[in-house]
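Q: These are the residues of each chain, in order.
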Amino acid sequence: MPQIFHRSANSIARVSIFGAAMFGIGALFLTLAITRSSWATRRDTVIPQPVPFSHSHHVSDIGIDCRYCHTSVESGRYAGIPPTQTCMNCHSQIWKDSPMLEPVRASFKTNTPMQWNRVHDVADFVYFNHSVHVNKGIGCVSCHGRVDRMPLMRRENTLQMEWCLACHRHPERFVRPLDQVFNMEYDAPHDGGVLAKKLVEERHVQSLTNCSTCHR
Amino acid sequence: MSAPTGSTPRFVPQRPPVIAAGHTSASVTDKISSVVLGGTPRWLFGAFGIAFTGFMVFLFAVTCLFAKGVGIWGINIPVGWGFAIICFVWWIGIGHAGTLISAILLLLRQSWRTSINRFAEAMTLFAVAQAGLYPILHLGRPWLFYWLLPLPNTMTLWPNFRSPLIWDVFAVSTYMTVSLMFWYVGLIPDLATLRDRTKNPIGRTIYGMMAMGWRGDSRHWHNYETSYYLLAALATPLVVSVHTVVSFDFSVGVIPGWHTTIFPPYFVAGAILSGFAMVANLAIPLRHAFGLHDFITERHLENMAKIMIVTGLIVTYGYAMELFTAWYSANQYEQYAFLNRIHGPYRFTWYGLIFCNTVCSQLFWFKRIRNSVKALFVLSLVINVGMWLERFIIVVVSLSRDFLPSSWGMYFPTKFDWMTFIGTLGFFMSLMFLFIRFLPMISIFEMRTLLPGSKTKQEAA
Amino acid sequence: MHDSDGREPEHDTHGHDAGVRGSQEPALAATRAPLMERELWRSLEDRGRTPAARVRVQAEILAPLAEPTSRRSFLQLMGASMALAGLGACARQPIEKIVPYVKQPEDLVPGRPLFFATALTIAGVASPVLVESHEGRPTKIEGNPEHPASLGATDRFAQADIMRLYDPDRSTVVMHLDDISTWANCTEALRVALGEQLAKRGAGLRILTPSVTSPALAAQIGAVLAQYPDAKWVQYDPDGRDAVREASRRAFGAPMSVRYDLSNADVVVTLDSDLLTSGPGNVRYARDFMRRRRIHEGESATMNRLYAVESMPTSTGSVADHRVGLAPSEIALFTAALAAELGVAGATRPSAALPDKAARWVVAVAKELAAHRGRSLVVAGDCLPVEVQVLAFAINAALGNVGPTFVVTDPIEVRPTAQHEELAALASDMQSGRVETLLVLESNPVYDAPVDLAFGDAMRRVPNCFHLGLYRDETAELCQWHVPAVHELESWGDARAYDGTLSLQQPLVEPLYDGHSSLDVLMLVAGQTGTVLDLIRSQWQVLYGGAGFEKLWRRTLHDGFASGSQFVPRGVELRADAVRDAATRLAGTSASGNEVVLRFDPNVHDGRFANNGWLQEVPKPWTKLVWDNAAIVSAAMAHELGVETGDMVELQTDGGKVEAGVWVLPGHAERCVTAHLGYGRRRGGNVAAGAGFDAYALSTTRSRWGGPVQVRKVAGHRTLVTTQEHHDMMRRNLVRRATLEEFTANPHFAHEEGPAPARDESMFKTFEYKGNAWGVAIDLGSCTGCNACVVACNSENNIAVVGRDQVRRNREMHWIRIDRYFEGDLNDPQIHHQPVMCMQCENAPCEQVCPVAATSHSPEGLNDMVYNRCVGTRYCSNNCPYKVRRFNFYGYQDVKTPVLQLMRNPDVTIRTRGVMEKCTYCVQRINHARIDAKNENRPIRDGEIVTACQQVCPTEAIVFGDINDPESKVAKMKRETRNYGVLEDLNTRPRTTYVAKLRNPNSELEAKA
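Chains as they are written, first to last, in our numbering: chain L, 1 to 216; chain G, 217 to 677; chain F, 678 to 1686.
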């Protein structure tokens, strides 16, 4: 009786069978890759702002302390985005007619707030609190990266749960003396974690990984 | 004890044969393949139409469900599970017969199984498919069903392996996979037969692909037998394990009426009971419609009836034991739970249960009833209803009155509950009809082995 | 109207939170089918299928075709299917805006709430509160701990007021007839109208206000009346407490205010009074009363004793040591008999006989009172007739209670008047056309005035009616001009508390709409300029003038009240003739025939809260009825009327007739029907719409609080929705209880079932809780079932209102519920309240079965519920022995209505459709306290964390704290021998435990009863 299929059909059959399995597994890892990608997490992508504010200029060139603008970082949940007034403290004197700063002046004149685009944005069901992290000796750099080297602000880390947990499971790897929290250049002494141990003890740093730590 | 071989002629006259006399291997092949290769009988269109309408109802119900939420069902607090879980357990149970027939009876050399195992397996597949739908549909946020699978994720979270629902996920998916492969492997030789017999070029190509180049040479047969028996061996423990795991959904809970150790055995027994009832419900019409009396003989029907007697007795024992334990435990909550089944607002379901599963299944002791096809068909239907009621009682009645009287509440199904249930029945039947139309509902080559003088099976074994 | 299109039908039935606004037709269409379903269910429950039910079944089967799939549903479906397609996995967060201040207010830390002291008023009486404000929007109301009228607690009404502030149904614009107008036009019209009046010295001008305790407002009205000498100022409140004022006028010669000091009372007798949970001062009364009742081991084991005589069972009655149900007329006789028994000068024993139980009572109670001279108290409810009030005064006077427990002070109202007479006069003036300009300031007489005044018709004869109110209500409808009022949280003001303490109201937020306050309007009338604030300040200068006013003002602003402004007790002379007169009048009366008892509803009060979803959905004490009022009768009376719960009856008085659904309530008095006021609003808003019947239709000037009534069964059925169908404890030892004697005899009575399983009796490794371990202890003896905790929890935790239909399907969302069980005789039961919230079990059955670990345990022993992880299998709820978990069967939260977004607590996630939720012990508050403590590098102090339910509880029944700290209040309570856990034998190891209830019955009555 005549052959229905060409003999190549055999290999096609084999390939397709194993191929299907491979495809399934591949798709899984692709999805995971996408969720971790900087496209999905907006990591390292610069988000346009009404005013191209340069942290690197204000921090490293001028040497303004983080808390000059982010006033509530030690006391509140939010670090605090400075009111227009804070900008005008200086910019009513210097660069007072730079076109770049027009939105700021406009905001101050018309008493309408600036509208910045959020760079570090955790999901709405996550309750992050700056004050406790800062007061336990977690440096700004640990989450926000070398802001002093960012002409335009970008997200240094994914801010995904796995990233949070990496620290929450081993806070001792990240704590620093309180006076170093706002220091951009701080590098921990290579003392085999002696200092870290000491800090953890005196600041009662805990590894909190239960759900209600962040989710309510 | 394999009657057809004629090695023990003494017994032959007393029991009807598993295949009528006068058949040749050619006639068998013709007869069975003609169902597939011949034209579609008109009634099949009608039947399929009805079933498919049911399927459409299902789609409508599910659309509303996804659009609005599980609130469209009758579930509430305290009764958080309703039709969805009842039907899930029910369908899974029905699936069991297929596996039992094809795997266990195969290993036990019950040659009478050959003529019913094919569509019994098909039934298993389709039933499990229905069952598989429910756990996803009943989720509050069904689009997140994949969180129940152990997939790597950016939250570094795994499922809670302590939860019986996770055990379900594994049990059911394994069951589905193994049954599917078992069924498919069994089909291969017949697919080849169809490939060679069909006149239709498209059909030939499709059957050809599915037959995977089966040419029936000895190597093929050898591999076939090995894999088939291997899968049978794999499937056998599943018959027991799947429904055991399903029963854990309840017995792991603390709710009176759930928290009992007797569940695994009597769930399995119940599953097989309802499974065989369903097989009978399918076999009898098919046999009639396609004139397969020669292949599905009184002998088969009688054997199924006998199995229902046994499993019926087991579940009855289960019911009795539950009551006894409740009384013996001297636990007021447990005791009330069972009094509530008998006296409570849902008592009619309990009486229904006893009537359907205990009384009806035991009617088969009478040979006249056992041998009457009509009686068998009707009683099987009744038993299926009974098994559904059993799950209703376990799920709903137990939940509706648990520990604190303050939070007691009634559950009543809404139209959407009914539509979903009826919808899956339609879905199931549609698949069934497609199967009998396009695939041989009886294993052709295995039937040949039943013919007098054929020794293939014995050698192979 | 923005949501009248494309709304999924179910949402219409969800009541307030789901935003039932816009056209009602789709709502009705959509609710119809489910309604039918439930009717069928009911009849099934009653185990008899009516033909009607069968018809409904058919209708139900046809119903799905009737239900339109709206655009929104379709989009939802799309969303769901996309997600199903797996796209959900790679979804990106949209970019959000950050909008900082231009000039940041001082001492405001973003994300940290500020608290401001102010006061809310009902009928002019201030209930002092602290209001939590997040970046300038008030989100939660709490009691003012320093204020004598609050001591940190509030009642349910104050809690719910936040929802009134953000009520989407509030009137938002000035209306002229049925057209939208402007404030300017209104003022112009007012100016013209007043111009005419000025000529005739205001002869045609009337000003209608609620009772006024506010010095500023009174002064302003005074200023107006100075310009319009012939104008009249009418005060009217449905709960104007006329009888009390009149009684004190007769008995003491002047309308004095009466307040009670329960901290000195050993024996209290309430006559048809819900002393502890409603009326002025109830919060403080409850606190003092329970403090005299709570027993701690080692301390003196004495309890006060409460006798409650009442028609409609109240929360107060539910905690009484002895209760007797008597019809109002019998209560009058009882009082007379009691006075006579006590030998009160001028008292005469009534001729008519009392029911023998009551007769026994007279003797026993009199004996008890006589034995506690100066340490007892007899309280007559505001709704009782003047004569009874007078006798109650006389009894207290005779017992030497005036002073220690029965405190008489100057009236807290600035101008105490007989309000109903004034209102009647106003009505007749309007009828006869003598009124040309009427200012209705924040009252609603068309709805709540006695029907025989026909106030509405009278108003139609007034050419210029100006109405100021929060809602465009029944009265506003008949006024030419309606001006939206500001909510009390939006305006300046002052008012006196029940004890005269002068409290200051300050605005928490800019008026949401173009609203005005009564002071605003009156300044306009008086032709004054300037701000309300100046007005109040100047008025206060009059009161507290002189040097250091600025200091006092700032202090008051901070505290919320002028310290030491409480009225001092006044010695009074009881007029014997008044007593004799009252006694003789009562002696003449007899008790026969059926009576209707009209009382304020425990949830919606006089109707002002009818549009408040939180209060509508709170299960009422005793009945557990929601979203409805009913004709409440005793079992015996129901039997003789041949009705049962749900049947319809017609009530007819001289005022009119209404049809009402029957509710059979154990413990209700014989021969009388209770109908709660405040329902059946015609223009109450979309939440109030369709809830209950209007019992004001039965109330006349003569029989204000009820009187003779004809009751007859009529056709029809009303499905009255309750949250608790079963009231029998089924011999399960859930509420453990004993009398004081039993307790002293056997202090371990609560543990007779044997101890709970040992800690290590578990498959899983026992976790050792180091550091904080949170727990709650609830004193069952102290719970009055007042529901304040339920409302507080709703407010704190953004709990959705699901609406009548969903509650009927057992889908209410309350995280804390108050279980109610009856015990004993059906006609005279004991009632037990048991607040139930998540037990935070250490061996939590829910955690073990959740397939995705959405609920898991914290090292502090909290049973964390993670909404964003929940997939909604509902397995946890099934496996919860306490059934405290709540499921979002639909998207219950209204996320579309902007104004409701302002109301939410930003510290608690809004739950979406398909997720489980439950009590978290207010984990947001725990976290705040923990973070503060950590920032200061110190442990959390006891009492630093206060859960919402604990905070609001007037009787301090709920105590939260660290059970690992032996000194904490909760640890001490859990060490009490009466402390036990419900269903402990399941080895769930609940963190919420209960302190068994104690009663202090009078052996004399107990023996006979």
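No lab work stands behind these hints, which were simulated from the structure alone. Being a predicted model, the structure only gives us computed values, none of them experimental. We put the CB at the ideal spot given by N, CA and C, even for glycine. Treat each hint with caution, since some may be false.
[To be verified] 20 Å max Cα-Cα, derived EDC-like pairs, lysine to aspartate or glutamate:
#, chain 1, residue 1, chain 2, residue 2
1, F, K774, L, D65
2, F, K780, L, E102
3, F, K1649, F, E1613
4, F, K774, F, E823
5, F, K1651, F, E1621
6, F, K774, L, E201
7, F, K1447, L, E156
8, F, K1646, F, D846
9, F, K1573, L, E102
10, F, K1447, L, E201
11, F, K1447, F, D1283
12, F, K774, L, D124
13, F, K1573, F, E974
14, L, K198, F, E974
15, F, K774, L, D44
[Said to hold, decoys possible] Pair ranges (Cβ atoms, derived):
#, chain 1, residue 1, chain 2, residue 2, range
16, L, Q206, F, D1505, 21 to 29 Å
17, G, M537, F, R1615, 40 to 48 Å
18, L, V122, F, E1644, 47 to 55 Å
19, L, E162, F, H1394, 42 to 50 Å
20, F, D1609, L, V122, 17 to 25 Å
21, G, Y544, F, A1047, 57 to 65 Å
Q: Hint by hint, say whether it matches the structure.
A: Cross-check of the supplied hints:
no.: 1; hint: F/K774 to L/D65; result: violated, 24 Å
no.: 2; hint: F/K780 to L/E102; result: holds, 17 Å
no.: 3; hint: F/K1649 to F/E1613; result: violated, 27 Å
no.: 4; hint: F/K774 to F/E823; result: violated, 40 Å
no.: 5; hint: F/K1651 to F/E1621; result: holds, 19 Å
no.: 6; hint: F/K774 to L/E201; result: violated, 39 Å
no.: 7; hint: F/K1447 to L/E156; result: violated, 36 Å
no.: 8; hint: F/K1646 to F/D846; result: violated, 43 Å
no.: 9; hint: F/K1573 to L/E102; result: violated, 35 Å
no.: 10; hint: F/K1447 to L/E201; result: holds, 16 Å
no.: 11; hint: F/K1447 to F/D1283; result: violated, 51 Å
no.: 12; hint: F/K774 to L/D124; result: holds, 13 Å
no.: 13; hint: F/K1573 to F/E974; result: violated, 53 Å
no.: 14; hint: L/K198 to F/E974; result: violated, 45 Å
no.: 15; hint: F/K774 to L/D44; result: holds, 18 Å
no.: 16; hint: L/Q206 to F/D1505: 21 to 29 Å; result: violated, 56 Å
no.: 17; hint: G/M537 to F/R1615: 40 to 48 Å; result: violated, 59 Å
no.: 18; hint: L/V122 to F/E1644: 47 to 55 Å; result: violated, 38 Å
no.: 19; hint: L/E162 to F/H1394: 42 to 50 Å; result: violated, 58 Å
no.: 20; hint: F/D1609 to L/V122: 17 to 25 Å; result: holds, 21 Å
no.: 21; hint: G/Y544 to F/A1047: 57 to 65 Å; result: holds, 58 Å
This entry does not satisfy hints 1, 3, 4, 6, 7, 8, 9, 11, 13, 14, 16, 17, 18, 19, going by the numbered hints stated previously.
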